[in-house]
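Asks: Spelled out, the chains give:
There are 2 protein chains.
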Amino acid sequence: MVFKDLTPEEVLNLIEENNENMLMEYLEEQHPADIAELLEKIPDEKRLYIFNSLPPDKAVLVLEELDYDLRFYILNNLPYKYMTHLLKEMSADEITDFLGELPAEFSQKWLDLLEIREREDIRNLLKYEENTAGGLMTLEYVAFPFGYKIRDVLEKLPEMAPDAETIYYIYVTDKEKHLKGVVSLRDLILADPELTLEDVMLTDVKKVDVNMDQEDVARVFEKYGFLGLPVVDKENRLLGIITVDDVMDVLEEEATEDILKLAGTDSRTDIEGISPWYRAYRRLPWLLIALFGEIISGAVISGFSKALEAVVALSFFIPVLMDMGGNVGTQSSAVVVRGIATNRINVRELWENIIREGFIGLILGSICGIIAALIAYLWQGIPALGLVVGISMTLTLTVAAVLGTFVPLTLNKLGKDPAVSSGPFVTTTLDIISLTVYFSSASLFIGYILQS
Amino acid sequence: MVFKDLTPEEVLNLIEENNENMLMEYLEEQHPADIAELLEKIPDEKRLYIFNSLPPDKAVLVLEELDYDLRFYILNNLPYKYMTHLLKEMSADEITDFLGELPAEFSQKWLDLLEIREREDIRNLLKYEENTAGGLMTLEYVAFPFGYKIRDVLEKLPEMAPDAETIYYIYVTDKEKHLKGVVSLRDLILADPELTLEDVMLTDVKKVDVNMDQEDVARVFEKYGFLGLPVVDKENRLLGIITVDDVMDVLEEEATEDILKLAGTDSRTDIEGISPWYRAYRRLPWLLIALFGEIISGAVISGFSKALEAVVALSFFIPVLMDMGGNVGTQSSAVVVRGIATNRINVRELWENIIREGFIGLILGSICGIIAALIAYLWQGIPALGLVVGISMTLTLTVAAVLGTFVPLTLNKLGKDPAVSSGPFVTTTLDIISLTVYFSSASLFIGYILQS
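Here the protein sequences line up with chains W and D, keeping their order.
Reading the first sequence from the start, the letters are residues 1 to 452 in my numbering.
Reading the second sequence from the start, the letters are residues 1001 to 1452 in my numbering.
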């Protein structure tokens, strides 16, 4: 308790001072997640020193909390025998995710270090896509076949507990491992010990298919507030379980992905330690598409250069039209992308959604159109110019809301990620549309504009 | 099990056919969360009919799953006595959140319906800010004073279980309710029943202060993978607990808020059933600010109208500069806002972050600048114009990355929400900057441009 608030610097001082006893005592008191955080904040060579000061069973827990890069660095720099030991002690789902990300040269070599049975578990897990229920699940669950008395289950649990990811749900299966029921530990300790599992189990078990997308799995957890869910195959055979802590990571990951994709970048770009060159590289593709898109916008303007030469003031309103269209389009896309992710929007109602957003766009467009028209008129003293600006603004914002809704909903319907750069794509398309509308109506009214 | 897949339409048919037995049987099998979802999808008058077909104990669970609006509608349309009964049965934290949102005329009246003790619980809970640990917590936890034997705890649990939000953590307190330790149910059933709670409890209890922001609470859950956390006051007195299912809602809420605020709107706009007028109203403020901001952009152009009259082609590159600046700024803001939310960015390193993002902006600006310069040169055949476009692009994207990083980090430092419309604000400011840079350099090189 004395150590509660040591900063990374203070821990490094303990090493400097060769104060090994204090260090060991401090590490013993810390939660593995705190030690992992500490390791991430200190220089490499001290990381190994601290890691080697941990007792092996805690070292495993700390490893499981570490990011991929640091986990690899530490394991790869440990004595061969200790590394093998730690690998064997990690849970099957953690080691699978880890080996799945390793370069092939290492993953095969390290896989060979494990016992045959563990190796098979991991090979089985590696079959499942990373972003599905199969990729999330762990094999370390508690299941009993039919016929067990509650008393016997309670007696057996202590042996199973240390290896299980959770003992808060006890699953009941038949001989072929078909999932037949579930008993929560809560109900188990409340029940008469002389009854059997079948007497108290819930038969209407909520479960997820092994191929279900991880985002959908997260929705099931959210909806029902479960701590864990069983994963089954097409024949309802129990394959593994997913626990709520893994799902929280999924929610975070998916939300981050949505935000970054909407902004025209991707989630690989915000990881600490990735070089700026690589980050720039990941952000470049959508910028290039936008660049060529906006050259088309420029071509639209050049198509109207006669009008522009006659009335240079037309160019003064290019920024406001472009930016407002982009803003409304982005607002609509964000609302829709998030609405899809959180199930607030009924995606089957494509047209209902578009009409609803389009109406909001029309409201916003009318208000902003009137204001912009007044400003244009008062500033340049040309009533017809005000009219052109106002009409273009109203039309642009309405189209912006429609397009900002249509693109993510359609991407979703096609089975694509609705967030994939909806932002930049919508904005660029809108610029082309709004400039065309603006200069077309300006050409139409050019006589009136020149009269003033 | 036969009913497993009834659509809302099929349920409505059961009502049409007066098939009450089937309906009751169906409802009995369904999870409260599923019934809540069903109620949200059917017309008002059928909602009450179905709700009234539920047994009262299930009706309470369904109420707790409903959105605020529907919950209010149903309660307000029930017979007075039944409504009072349901209110009394709801958990204190649910009823507090609900009453907190009710118009004052109802909240006082409905509060008065409750027993004195419940009323005090709720008044106590109402004291805490909605977005803090206190606003999230529930009072229905399991705590024992010192001295209890494990055997006695296990015997007493069944009585406490029905009212408790979770029995997976048992807290140990002294006479003044100071939090002294915690035992997980897992450890409890694994322990020798003759030992006391003090023998097996963890004394280094992870806990949260009652005033901690809910987003920070969620981070603690994520970091440690807990199912529940105790909430304490400044004197370490146990006030309540927070369970992981409430925290999942917080994560979703905060992510949605980030996305919508970045896009210049807010989370009240995507709730089903809210009128388009209100939604437009919530989106309008940032649009108006952007509108006036872009009028300044227009004024910048008008300031250079001499140059523009001489070379109308200058206007062709306004869209590409504006849009690319906006894109890079938005990318940077999104990365930073999300980095702050998920703790991936060290917010104290303001300048390190700005320099790192600025360097990425410089890389992106150089690449896009060279491409844009080539296009401008090849298209218009004016080398100096290519140079002006290229330089402006490089400068704009570098500034965009810097500004997109600076704004959310500074808002965060000032204790504001970093996502608050970083997007529109950054984009509008960038437009003014990029147009100034572009036309200034164009004026500088106007001689060379005209020579071609």
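A few of these clues could be false.
What the hints assert, rightly or not - Computed list of lysine-lysine pairs in DSSO-like fashion (alpha-carbon distance at most 30 Å, straight line):
| # | chain 1 | residue 1 | chain 2 | residue 2 |
| --- | --- | --- | --- | --- |
| 1 | W | K88 | W | K223 |
| 2 | W | K416 | D | K1041 |
| 3 | W | K223 | D | K1234 |
| 4 | W | K206 | D | K1223 |
| 5 | W | K207 | D | K1306 |
| 6 | D | K1177 | W | K223 |
Calculated from the structure, these hints are not laboratory results.
Asks: If a hint holds in the structure, say so; if it doesn't, say that too.
Replies: Going down the list of hints, with the structure as the test:
For the suggested pair W:K88 and W:K223, the alpha carbons sit about 36 Å apart, so the restraint of at most 30 Å is broken. Of the supplied pair hints, the one linking W:K416 and D:K1041 holds, its CA atoms being roughly 26 Å apart against a limit of 30 Å. For the given pair, W:K223 sits about 34 Å from D:K1234 by alpha-carbon distance, which is inconsistent with the 30 Å threshold. Taking the CA atoms of W:K206 and D:K1223, the gap is about 27 Å. The hint holds against a cut of 30 Å.
A threshold of 30 Å between alpha carbons decides the hint, and for W:K207 with D:K1306 the separation of about 70 Å lies outside it, so the pair is violated. Note on D:K1177 and W:K223: the hinted pairing is violated, with a Cα-Cα distance of about 34 Å set against a maximum of 30 Å.
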